[in-house]
Amino acid sequence: SQTIHQWPATLVQPVGSPLSLECTVEGTSNPNLYWYRQAAGRGLQLLFYSVGIGQISSEVPQNLSASRPQDRQFILSSKKLLLSDSGFYLCAWSSTSGRGEKLFFGSGTQLSVL
Amino acid sequence: GQQLNQSPQSMFIQEGEDVSMNCTSSSIFNTWLWYKQDPGEGPVLLIALYKAGELTSNGRLTAQFGITRKDSFLNISASIPSDVGIYFCAGLSISNYQLIWGAGTKLIIKP
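So the protein sequences, as listed, match chains A and B.
Residues -18 to 95, numbered by my numbering, are exactly what the first sequence covers, in order.
Residues 5 to 115, numbered by my numbering, are exactly what the second sequence covers, in order.
The set of hints was computed from the structure by calculation and includes no laboratory data.
Treat each hint with caution, since some may be false.
Claimed, not checked - Pairwise CB distance ranges, derived in the manner of DEER restraints:
no.: 1; chain 1: B; residue 1: P43; chain 2: A; residue 2: Q26; range: 12 to 20 Å
no.: 2; chain 1: A; residue 1: P(-1); chain 2: B; residue 2: N9; range: 32 to 40 Å
no.: 3; chain 1: B; residue 1: N9; chain 2: A; residue 2: L63; range: 49 to 57 Å
Cβ atoms here follow ideal geometry from the backbone N, Cα and C, with glycine treated the same way.
Bound-form chain A, shown alone (with noise of 0.2 Å):
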């Protein structure tokens, strides 16, 4: 079965600093891959999705990067954070085959900058 692994849970960061956070996915292959935000109490909002190795596509613009070195793996990156950055980071996949509309969550980073 298919596995999404997120981390870390939670984040805080100062302004001004960089930011790393790793998203990798088990049991698929060549899958779509998603970096959602989501503010406190608010919708989801697409920053990023990748259909391939080193296909990225980007929805907003942003303080944010994403980078997909491997197949199965979605990193999401700033050089120097914001505190308008802080929100609950979000990783998804979707399959390439059949109805690949669905998304696959993972647990969630809370990022905090301060």
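For chain A, the structure is supplied; the task is to place chain B on it using the hints.
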């Protein structure tokens, strides 16, 4: 851009009551998905709908794909404490194959 209007934003109900929430849009979708998010966790898929008029159940949950393909509703019967959380709808756009998300319905059960 495309938007989904999800309502209500929040619901306070008594245990045992039935719950109804819906999503509407001015755009047509070819797939509707309903997710539930527990506090501090990622959303979990509850029901997927693929055809206009389709009615699908998952235990006490029932969801329907609107005939016009512009709306969907989710009903929860006989709510229990573990039903609390945020429920999200998502529609797959026929124009760009992007998943569009509703803002969520927060379900709170009064003690």
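| What hint numbers does the structure not satisfy? | Those not satisfied come down to hint 3.
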